[in-house]
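**Q** Residue numbers (numbering that gives the first Met the number 0), protein chains in the order written: chain A, 0 to 321; chain B, 0 to 256.
Note that these hints are calculated values from the structure, not bench results. Here the structure is a predicted model, which means the values were calculated and not measured. Positions of the beta carbon are idealized from the N, C-alpha and C atoms, including for glycine. Be aware that a few hints might be false.
To be verified - 25 Å max Cα-Cα, derived DMTMM-like pairs, lysine to aspartate or glutamate:
| # | chain 1 | residue 1 | chain 2 | residue 2 |
| --- | --- | --- | --- | --- |
| 1 | A | Lys-156 | A | Glu-306 |
| 2 | B | Lys-251 | A | Asp-303 |
| 3 | A | Lys-216 | B | Glu-237 |
| 4 | A | Lys-295 | B | Asp-166 |
| 5 | A | Lys-216 | B | Asp-247 |
| 6 | B | Lys-251 | A | Asp-226 |
| 7 | B | Lys-251 | A | Glu-314 |
| 8 | A | Lys-295 | B | Asp-247 |
| 9 | B | Lys-251 | A | Glu-165 |
| 10 | A | Lys-279 | B | Glu-237 |
| 11 | B | Lys-251 | B | Glu-237 |
| 12 | A | Lys-216 | A | Glu-186 |
| 13 | B | Lys-251 | A | Glu-30 |
| 14 | B | Lys-251 | A | Glu-306 |
| 15 | B | Lys-251 | A | Asp-223 |
| 16 | A | Lys-156 | B | Asp-12 |
What the hints assert, rightly or not - To spell it out: a stretch of chain B is covered by chain A in this simulated footprint if at least three of its residues, at any positions, have a beta carbon under 8 Å from a beta carbon of chain A; those stretches are:
| # | segment |
| --- | --- |
| 17 | 43-54 |
| 18 | 119-133 |
| 19 | 144-155 |
| 20 | 160-170 |
As the list claims (entries may be wrong) - Computed beta-carbon distance windows for the label pairs:
| # | chain 1 | residue 1 | chain 2 | residue 2 | range |
| --- | --- | --- | --- | --- | --- |
| 21 | B | Gly-111 | A | Met-0 | 14 to 22 Å |
| 22 | A | Leu-123 | B | Pro-229 | 41 to 49 Å |
| 23 | B | Gly-111 | A | Asp-38 | 44 to 52 Å |
| 24 | B | Asp-141 | A | Asp-303 | 52 to 60 Å |
| 25 | A | Lys-279 | B | Arg-106 | 46 to 54 Å |
| 26 | A | Ala-158 | B | Gly-111 | 53 to 61 Å |
| 27 | B | Thr-80 | A | Asp-223 | 47 to 55 Å |
| 28 | A | Pro-168 | B | Pro-225 | 57 to 65 Å |
| 29 | B | Thr-114 | A | Ala-65 | 24 to 32 Å |
| 30 | A | Ala-65 | B | Asp-12 | 34 to 42 Å |
| 31 | B | Pro-225 | A | Asp-289 | 44 to 52 Å |
| 32 | B | Asp-12 | A | Ala-160 | 46 to 54 Å |
| 33 | B | Ser-29 | A | Ala-65 | 48 to 56 Å |
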Amino acid sequence: MTTLVLVETDESGAVEVSRETLTFARGLGDEVHAIVVGDGPAGLVEQLGAYGATVVLHADGDAFTAYSAAAWAAAVVSAAGDHSVVMAAGTPRGMEVVAHVACRLDATMAANVVSAERDGDGLLVARQVLGGSAMEDMRLDGSVALLTVAGHAVEAKPADAAATPEVRPLDVAVSDADLRTRVVRTEAGEPDESGQLTSARVVVGAGRGAGSADGFKDLLELTDLLDNASLGVSRVVTSLGWRPHHEQVGQTGSRVSPDLYVACGISGAIQHWTGMSSSKTILAINTDPDAPMVTKAHYAVIGDLHEIVPAINEELRRRANG
Amino acid sequence: MTNVLVCIKRVPDLGGEISLTADGRSVDDSGLGHTISAHEEAAVELAITVAKDTGGEATVLTLGSDDAVEQLRNALALGCTAAIRIDADASAQGPADVARAIADVVREREAGGTTYDLVLLGSDASDTGDFQVGIRLAYALDRPVVTAVSTVSVQDGTVVARGAAPDGGSEVYELPMPAVVTVMEGGVEPRYPSIPGRMKAKKVAIEEAAPGFGAAGSGRLRLRLPEPAPSQVTILGEGPQAAAAVVDLFEKLGVTR
Ligand SMILES: Cc1cc2nc3c(=O)[nH]c(=O)nc-3n(C[C@H](O)[C@H](O)[C@H](O)COP(=O)(O)OP(=O)(O)OC[C@H]3O[C@@H](n4cnc5c(N)ncnc54)[C@H](O)[C@@H]3O)c2cc1C
Ligand SMILES: Nc1ncnc2c1ncn2[C@@H]1O[C@H](COP(=O)(O)O)[C@@H](O)[C@H]1O
Numbered sequence: 000m001t002t003l004v005l006v007e008t009d010e011s012g013a014v015e016v017s018r019e020t021l022t023f024a025r026g027l028g029d030e031v032h033a034i035v036v037g038d039g040p041a042g043l044v045e046q047l048g049a050y051g052a053t054v055v056l057h058a059d060g061d062a063f064t065a066y067s068a069a070a071w072a073a074a075v076v077s078a079a080g081d082h083s084v085v086m087a088a089g090t091p092r093g094m095e096v097v098a099h100v101a102c103r104l105d106a107t108m109a110a111n112v113v114s115a116e117r118d119g120d121g122l123l124v125a126r127q128v129l130g131g132s133a134m135e136d137m138r139l140d141g142s143v144a145l146l147t148v149a150g151h152a153v154e155a156k157p158a159d160a161a162a163t164p165e166v167r168p169l170d171v172a173v174s175d176a177d178l179r180t181r182v183v184r185t186e187a188g189e190p191d192e193s194g195q196l197t198s199a200r201v202v203v204g205a206g207r208g209a210g211s212a213d214g215f216k217d218l219l220e221l222t223d224l225l226d227n228a229s230l231g232v233s234r235v236v237t238s239l240g241w242r243p244h245h246e247q248v249g250q251t252g253s254r255v256s257p258d259l260y261v262a263c264g265i266s267g268a269i270q271h272w273t274g275m276s277s278s279k280t281i282l283a284i285n286t287d288p289d290a291p292m293v294t295k296a297h298y299a300v301i302g303d304l305h306e307i308v309p310a311i312n313e314e315l316r317r318r319a320n321g
Numbered sequence: 000m001t002n003v004l005v006c007i008k009r010v011p012d013l014g015g016e017i018s019l020t021a022d023g024r025s026v027d028d029s030g031l032g033h034t035i036s037a038h039e040e041a042a043v044e045l046a047i048t049v050a051k052d053t054g055g056e057a058t059v060l061t062l063g064s065d066d067a068v069e070q071l072r073n074a075l076a077l078g079c080t081a082a083i084r085i086d087a088d089a090s091a092q093g094p095a096d097v098a099r100a101i102a103d104v105v106r107e108r109e110a111g112g113t114t115y116d117l118v119l120l121g122s123d124a125s126d127t128g129d130f131q132v133g134i135r136l137a138y139a140l141d142r143p144v145v146t147a148v149s150t151v152s153v154q155d156g157t158v159v160a161r162g163a164a165p166d167g168g169s170e171v172y173e174l175p176m177p178a179v180v181t182v183m184e185g186g187v188e189p190r191y192p193s194i195p196g197r198m199k200a201k202k203v204a205i206e207e208a209a210p211g212f213g214a215a216g217s218g219r220l221r222l223r224l225p226e227p228a229p230s231q232v233t234i235l236g237e238g239p240q241a242a243a244a245v246v247d248l249f250e251k252l253g254v255t256r
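I would like the entire structure built from these sequences, with the hints used as guidance.
**A** Put into C-alpha cells, the structure is as follows:
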C-alpha cells in the first residue's frame, strides 16, 4: 500500500504545509509517493526524498502553466490508481483539488484531518470541525481514502533516512473542460502581504482592544523594536476595517507559529486560537484576567494595552541605548 | 440579466463553551443562536450585487429543517427575491447528498423554465468545514467551478472571479455561464437589512422541495470535545510596571533586535 501526497511548491521548494503533509503521510507507515504538478524549483526532488518520498510523480506541460484545479485533479487521478490514500495540505488549493478528485473517483473525502490510522480495509480519521472547537471521528472506506491535513497538525520533520526518489513523468489526459477554469491572470500582492506574517519570528497580535484604526501605532512600533516581527490581527479588527484582511490570523486568516505571539486585546476565541495556538510562546496582554487568551497563554500581563505596550517599547529602547 | 442562486446553511452561533448532544453526534444547540458562515454572508452579498447589476434575480436556497427559514428570511431582507427550502435534516447529510439535492432542484427549475446562470456557495460550511458541496454540485450539473474566491462579477456574459493566490497576490478567473463559484469572506462587506427590506421579506412565500433519494451520510462516527488544557499561565504583572519583566522575557527568548 502506498500513500500519494500532492505537493505545493514555491521558489524555495515544497511549502511548509506540504512538508507537514509528507510527515503526516509517513506516520501511516506505508510507502510515500509525492506528486508535483507543473514546474518545480531546483532541489525539489532531493527535498521530497529527505521527507521520505520514494517516488516523485511529475505532471508537466502546457496544461499546467496556469493553475486550474480541474487539470490538477486530472493529474492526481492519473496517478491515484496504485495508491490507497491520497492526501494534500488543507490549503484552499489542496482542498479544492482533493474535492475534484473525490468527484472524479466517486469517493468520500475528509477535510482538515489531524490524525489517521488504518482500521481493517478503511482509514479512521479525526478531523477538526466547528472551527477547531470539536473533533470529528470519521471512517473512510472504499478503494481510496481522500483527505486533507489541517495546518500544523504535525510538525514538518525530514525522515530518519532520506530516500533517493525515482522521478516518473505522468502522462495526463487534460480535457478542454478542465481548462475552462484556468487562472487567466495573476497580480502581485503588496510586498509585505501575509507571506511576511507567516514567516515572522514574532507576531504581535492585536484585537478589538486596540480600540480604533488609530490604536495600532504603539503595536507597530513594537514590531519594529523586535527581531523579524509582524503585526497580526483578529477578525473583529479586519471586519471593522481597522487593518487589511491579509493581516488576519485564524481560521479564516493566516495560520502562524512564531517563536513568540504577543496577543494584545484579543479575547482568544477558538477561531483565532486555531490560527496561532502552535506558537512556541504566547504572551497575552489583556484587561480581563479571565479572557481565554490569558488562561491559555504561557505568560500574561493584566491591564490596558495602551499603557503597557508604550512602556514595553520605552524599556526596549532604553536597554538598546544602554 | 444574470439569475443567481445562493446556497446557505443554518449553523449554531458558537460563542464560548459548547456541549454535545447525548448521542455525541452533534452540537447541543438548544441554548444557542443560529447564523450562517461569514463566507456565505459574502456569497449572499455578491449574489445580490450581481443580480442588481445585471437586472436579474437572486434566489436563496437552504437544505435544512423548518427552523432554517430564519436564515432564508434574513437573506430575503437583504435583497434576495425568492427562497427555496429543501426539507431535510442537514446533519444527516454528507456533502455529496447536499450537492445532489441542490442539483435536483436546479434541474427541476430549469425544466420549468428558470435557469440559474450562476450558483454561489460558501467555500466551506462553518460547522463541518467539508469544502465540497460547491464542487460536487458543479460536477453533478456538469458546470465549471472555481472555489474560495473573494469577489465575483459578471462582465459581458462572463463570470469574473478574483481570489487570493498562494503567494499573497491575487488571481483572476473568467468562466462561461452557467457556472458555480464558491466564496471566501474578505472581499466584500455584507450589507445590513433595511426596515422595508425586512417587511418585504416577511411576505415572500418560501418554496419547498424534498430530496428524492435517501441520504448516504458523511461517514461521521462521533464528535469529541478537546480536553481543556489546565491553565499554566505565569502572570508577569499588572499595568505598565510589568514592562521590565516583559522585556526580560523577550531577552530570554532572544527576540529583541
Ligand atoms: C466561521 C468563523 C470564522 C472566524 N474566523 C476568525 C479568524 O480567522 N480570526 C479571528 O480572529 N476571528 C475569527 N472569527 C471571529 C471570532 O469568533 C471572534 O469573534 C474574534 O476572534 C474576536 O476578536 P477579538 O478577540 O479582537 O475581540 P473580542 O472578542 O471583543 O475581545 C477583545 C478583548 O480585548 C480585551 N480588551 C479590551 N480593551 C482592552 C485594552 N484597552 N487593553 C487590553 N485588552 C483589552 C477584552 O478584555 C477582550 O478580551 C471567526 C468566527 C467565525 C464564526
Ligand atoms: N445544508 C445546506 N444547505 C444549503 N447550502 C449548503 C448546505 N450545506 C452546505 N451548503 C453550502 O455549501 C458550502 C460548502 O459546504 P461544505 O462543503 O459542507 O463545507 C456552504 O458554505 C454552503 O454555501
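**Q** A separate judgement is required for each hint: does it hold in the structure or not?
**A** Hints and how they fare:
About 41 Å separates the Cα atoms of A/Lys-156 and A/Glu-306, which puts this hinted pair outside 25 Å; it is violated. For the given pair, B/Lys-251 sits about 24 Å from A/Asp-303 by alpha-carbon distance, which is consistent with the 25 Å threshold. Between the alpha carbons of A/Lys-216 and B/Glu-237 the distance comes to roughly 21 Å, so the proposed pair stays at or under 25 Å and holds. Between A/Lys-295 and B/Asp-166 the alpha-carbon distance is near 32 Å, which puts this suggested pair outside the 25 Å criterion.
For the suggested pair A/Lys-216 and B/Asp-247, the alpha carbons sit about 23 Å apart, so the restraint of at most 25 Å is met. With a CA separation close to 13 Å, the supplied pair B/Lys-251 and A/Asp-226 stays within the 25 Å bound. Distance hint between B/Lys-251 and A/Glu-314 is fulfilled; the C-alpha atoms sit about 15 Å from each other, no more than 25 Å. Between A/Lys-295 and B/Asp-247 the alpha-carbon distance is near 21 Å, which keeps this suggested pair within the 25 Å criterion.
Restraint check for B/Lys-251 and A/Glu-165: not satisfied, since their Cα atoms lie roughly 45 Å apart, outside the 25 Å limit. Straight-line distance between C-alpha atoms of A/Lys-279 and B/Glu-237 comes to about 23 Å, which keeps the hinted pair within the 25 Å bound. As the CA atoms of B/Lys-251 and B/Glu-237 are separated by approximately 20 Å, the hinted pair is consistent with the 25 Å bound. For a cut-off of 25 Å, the pair hint linking A/Lys-216 to A/Glu-186 is broken: about 29 Å separates their Cα positions.
For the hint pairing B/Lys-251 with A/Glu-30, the CA-to-CA distance comes to about 42 Å; that exceeds 25 Å, so the pair is violated. Annotation: proposed proximity of B/Lys-251 to A/Glu-306 holds, straight-line Cα distance about 23 Å (limit 25 Å). Between the alpha carbons of B/Lys-251 and A/Asp-223 the distance comes to roughly 18 Å, so the proposed pair stays at or under 25 Å and holds. Of the supplied pair hints, the one linking A/Lys-156 and B/Asp-12 is violated, its CA atoms being roughly 37 Å apart against a limit of 25 Å.
Against chain A, the segment 43-54 of chain B contributes 0 residues with a C-beta closer than 8 Å to a partner C-beta. That does not satisfy the three-residue criterion, and the hint is violated. Evaluation of the coverage hint for the segment 119-133 of chain B: fulfilled, as 9 residues show C-beta separations to chain A shorter than 8 Å, against a requirement of three. Counting residues of the segment 144-155 of chain B whose CB lies closer than 8 Å to any CB of chain A gives 4, so the stated coverage by that chain holds, three being the minimum. Closer than 8 Å: that is the beta-carbon criterion, and the segment 160-170 of chain B has 9 residues meeting it against chain A, so the requirement of 3 holds.
Range check, B/Gly-111 to A/Met-0: Cβ separation about 49 Å, and the 14 to 22 Å hint is violated. Taking the beta carbon of each, A/Leu-123 and B/Pro-229 are about 28 Å apart, not inside 41 to 49 Å as hinted. For the pair B/Gly-111 and A/Asp-38, the beta carbons lie near 48 Å from each other, so the given range of 44 to 52 Å is met. Roughly 58 Å separates the CB atoms of B/Asp-141 and A/Asp-303, a value that falls within the hinted 52 to 60 Å.
Evaluation of the 46 to 54 Å hint for A/Lys-279 and B/Arg-106 yields a pass: the beta carbon distance comes to about 53 Å. The beta-carbon spacing between A/Ala-158 and B/Gly-111, approximately 58 Å, falls within the hinted interval of 53 to 61 Å. In this structure the hint that B/Thr-80 and A/Asp-223 lie 47 to 55 Å apart at CB holds, the actual value being about 51 Å. The supplied range of 57 to 65 Å is broken by A/Pro-168 and B/Pro-225, whose beta-carbon atoms lie about 44 Å from each other.
Checked against the hint of 24 to 32 Å, the C-beta distance between B/Thr-114 and A/Ala-65 comes to roughly 29 Å, which is consistent with it. At roughly 40 Å, the beta-carbon separation of A/Ala-65 and B/Asp-12 lies within the given 34 to 42 Å, and the hint holds. Hint check: B/Pro-225 to A/Asp-289, Cβ distance near 20 Å, so the stated range 44 to 52 Å is violated. Between B/Asp-12 and A/Ala-160 the C-beta distance comes to about 50 Å, which sits within the given range of 46 to 54 Å.
Range check, B/Ser-29 to A/Ala-65: about 49 Å between beta-carbon atoms, so the 48 to 56 Å window is met.
Checked against the numbered hints above, the structure breaks hints 1, 4, 9, 12, 13, 16, 17, 21, 22, 28, 31 and satisfies the rest.
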